[in-house]
Each structure stands twice: as structure tokens, then as C-alpha cells.
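Chemist: Just need the whole structure built from these sequences, with the hints factored in.
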Amino acid sequence: MKTTWWGQIPSSLYVLILFVFIYLPVVVLVLFSFQDGLTPVPPFKGPSLQWYERLLDNRRLMESLLNSVVVACASAFIATTLGFLAAYTLARRAPRFADFARFLLMAPLTVSYLIIAIGLLITFNLLGVSKSLIVVTIGHIVINMPLCFAIIFSQMGDHQRNIERAAQDLGASDIKTLLLITVPILRPALFASFCIAATLSWDEFIIAFLLSRFDVTLPVIIFEMLRAGLTPEVNAAGTVVFAISITTVLFAILMSTRRR
Amino acid sequence: MTEIVHPYKRRGFDFSRWAITPALCVTALFFVVPLIIMLSVSFWQRIGGKLQATWTWANYDKFFSKSYLLEALFNSVEVALATTVISVLLAYPLAYIITYRVPRHWQRFALILAILPFWTSYVVRSYSWLLVLSENGFINSALLAIGIIDQPISLGYNRGATVLGFAHFFTMLLTLTIYANLIQINPSYRRAAADLGASGVQTFLRITLPLSIPGIAVGAFLAFVITIGDYITPQILGGNTEVLIPQAIMLQIGRAANFPMASVMSVMLMLVVTVTYLVFARYLKMDRL
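If you read the protein sequences in the order shown, they are chains V and L. Residues in the first sequence are numbered from 1 upward in steps of one, following our numbering. Residues in the second sequence are numbered from 1001 upward in steps of one, following our numbering.
A few of these clues could be false.
[Stated by the list, open to error] Part of the chain V face toward chain L, derived, beta carbon under 10 Å:
id	residue
1	L18
2	I22
3	P43
4	A87
5	L90
6	L105
7	T123
8	L126
9	V142
10	S173
11	T177
12	L178
13	V241
14	T248
Hints were generated in silico from the structure; no laboratory data involved. Please read these numbers as outputs of a predicted model, since none were measured by experiment. We put the CB at the ideal spot given by N, CA and C, even for glycine.
Modeler: Written as C-alpha cells, this is what we have:
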């Protein structure tokens, strides 16, 4: 179907309006993080980096940033490893209980984070386990493992199996085959899975909020900062969080598409 | 698939068979068991601040008799429905334009551009909308400057703001799912319709739209389920005139440490999600995603 140039005007206009809608909050957030003043609202004065300096001086915030990185990396690493091992069994062995196993592994995706958090909160409370970042990490493993499993499973095909067989024919043990053949072949998928899980954990609020006490993660600190009202310091923190997430995701997309 | 017995296979511990165990254990221990415990606690009683393991419907009676608890659930369903409908209406044309008007090799770029702000964190995204909507915020300043209004109007801290914040997020998500669906539709269907004399509108209504229902359904389901379980967006944008079910649950957890009532409301929330799933089930082929 041919469209004349004036026929394109309505759709171009629509795309423009929607992009304004999609980008307006982000632009306002980032712009006013450079505000030279006390409130992140128009008129824009600046640019100034004073609020980023304030972030660096905020010890509690810097600690939480470190906590977030550790929780994100730990939970993403464990979720990717366990998801990969599960995918390995299901792709290579096709066990009799495969359908049920797949259902069980994917089930956490269908339940709200809030409900998973409440369930863990009540359970650990009854067991007398106190809230900590370790408990938060467990929560993040639960929510991310289904995704890691799905990403990795979708990339495991029978063609890889022949290479694994060849390795075994040459005398490699199961574990050696896994580490020297399967993992390198699947590196793009494993990497994408790790990055996506780390980003989701890094951003996650409700589980981190309900299951941590003294040491907390960055989204929890940002939420606490909101009680003080609108301040450019939150803009600066939000901009940093956004920049790190975007970098990780784009990196994951780049790495996983380049090798296809 | 028939399992080929490998001639040189060593005996002993069969690694590839047991590799799935840790994942299954984690899911069982930290997902299934907590949900079962939560379900049990919803039947427990709190006597003198202590939990008593009982088996009573009293908490559920209380939930259905206290109008403000039930109302929170209805509010949530309304907000989730409004969010879903608005997001579909906003996202469909965008996905359509990207699929049929943008040259093929630019589509990937356009799509990434359209969903980039998806990765702003939940807390920060809602806060950003506050910056845009507040009384001295971006929109009010712009309108005052142009002279359309002479008094700042109140845009934030109400249900509209909550729905707007949600719709912003899910417009991006739905653009993705609908695009993924539209791009898979065989172009010859549309060409055949045109050859047989169908107008553009007819082709859309009779061919493209029906074939893109699965993409809409997947996105709409995700939008509904995530919206109805989200605490942060209504908490930041919604003001204090009404509470949604996640906020009501958090109130029970926080101030009252009332785990049984929080469990009851969580169970009700899960029921709503399950019913939604059953409604959408015939369109949801999750394994295709």
C-alpha cells in the first residue's frame, strides 16, 4: 500500500505526541538533576553538578548503592546458574516430569512481587529469621529464575547436543563437557540472562523494602528520600539509576545480537 | 523423543539428570512453601498480638464486611482496567505505525527508542511524573506561561495521576508485544484482501486486527496483573483520598503487623489474577514469547 507524503502526516504526528508522552518524565527528571536551586521545577537554572556532589557525600545512599550492586550481582549470578542447570536437564534429558517441572519453574512469573514478598516475610517471620539483604537476595532469585530459565532454554537446541556428544566420545566427563562446551556455546544467552536479572534486581522495590531492615538497597533509600518532597537530589539519584540500568540493558542487547 | 543410549557413557552419578534439582528446590522452598504458609495464615487468628494457628473463616468474614477493605479491591480492579484499556489504545497505533510505516531496517531502532524509558526504576518513574504534574511542575508552568490558565491546576495526587503513571509504563510494554505480533502476520493476507477490493479500513478490521489479538492479549494481561499488584505508583502518585489493595496490604503489614488480614487480602489479589488469567488463557501462549 503506497502512502503519499501528506498521508504520512497523521501517523508522524501521532508518533511525535507519543514520544513526547514517553520521554517527558525522563527528560524532566534528567534535566532538573542539573538544577541550580532547591526545587526540581521550572524555571530551569543551571546547569550545576551540586546535587551529584551531594549524592557522593550522602553516606547512607552510597552504602545502599553498593548493597544494590552486590544483591543484583549475587542474585543474578545464582538465578542464571540455577536457570541454566534446569534448562540443561530439560533440554538434554526431556525427563518424564518435564511439563510439570517447566510449569513449576515458570510459576513465580504469574504472581505479583508483592505477594511473593508477603509470603517470604510471613515465612521467615515464623521461622525466626530476621530481615536482611540475604533474604532480599533470595527473593530476587525467586523472581528472576523463571526469566533466566526461559531465556537460556530458548537458546538450547539439538545442534549443540552433537558437539557435546563429540566431547563425550573423546572422553570428557559430564561436568567437563558442561563447562568446556555447553557454557561457551551459550555464553550470549547466559550473559543476556545475567544482565536482565541484574537490572531487574537493581530496580526492584517491594521485596527489598519488606525484607530488609538496617542495610537497604538504593530504591528503598530513594523511596525514603521522597518523604522530604521534591528535591533535585532525588533527580540526581534517579538519573544515576537510569543510566546504570540503560547501560546494562543495551550492553546485553548488543552482546546477545552480535553473535547470532 | 527417544533417548539414544550413549555407547561410552560412564556409570555413576548422572549429572545432566540432576542438574535441575537446585532450581526446583529453590522454587519449592522459597515460592511454593511461602504461598502455602500465607494461605494457612489467612485462616489464623491474632490473639493479644500473638499468632494462633486456628482454622476459621473469621478473617474472610471481616474482609467482606469491612467496606473499606473490599473497596480497596474494587478500586484496584477499576484502576487496572482503566490502565489496560488506555495502554492498548495508545500503544496499538504506535506499534502499527512502526510495523507498516517505518522502513524495515529502522524498525528495531524505533522500537528500542520507544521502550528505552521502560528501564527507569519504578520508584523514580512515578517520582518523575510527580515533577511533571505537581502544582508548580512542568505542565502547570507551561500552561501558565502560554496563558491558557492563570491559576495552577491540581493534576497530581489523584486516581488520574496513578492511571497516567501506569499507562506510561504499559504503553511501552504493549507497543513491544503488539509489534512482535504484527510483524509475524504474513503480508500476503493483507495483499490478498486489497486485491479482493477491501478498503484500508476493511483490511484492518477484518484481517490485521483479528490476527493481532494474541499480541494485545499478552500485553493486556501483563498490564492488568502488574498494575493490580503494584504498591509504589499509587503510593507516590495517588494521594491519600483512596487506597488500592496493595496499599491496604502494606497498611496491615506496617502499622498493625496484622499478618492474617494481609494474607487474606493477598489471597484475594491472587484470586483476581487467577480469574484474569482464565479469561485471557485461550490467547496466552506464553511459550511463544
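Chemist: Does each hint fit the structure? Answer for all of them.
Modeler: Hints versus structure:
1. L18: With a minimum Cβ separation of about 5 Å from chain L (threshold 10 Å), the hint on L18/V holds.
2. I22: Holds, because the Cβ-Cβ distance from I22/V to chain L comes to roughly 6 Å (cut-off 10 Å).
3. P43: For P43/V, the interface hint holds, since the closest Cβ of chain L sits about 8 Å away, which is under 10 Å.
4. A87: holds (8 Å)
5. L90: Holds, because the Cβ-Cβ distance from L90/V to chain L comes to roughly 7 Å (cut-off 10 Å).
6. L105: holds (6 Å)
7. T123: holds (4 Å)
8. L126: At 7 Å from the nearest chain L Cβ, L126/V passes the 10 Å test, so the hint holds.
9. V142: holds (5 Å)
10. S173: holds (7 Å)
11. T177: Where the cut-off is 10 Å and the nearest Cβ of chain L is about 9 Å from T177/V, the hint holds.
12. L178: Holds, because the Cβ-Cβ distance from L178/V to chain L comes to roughly 7 Å (cut-off 10 Å).
13. V241: holds (5 Å)
14. T248: holds (8 Å)
Of the numbered hints given earlier, the model fails none.
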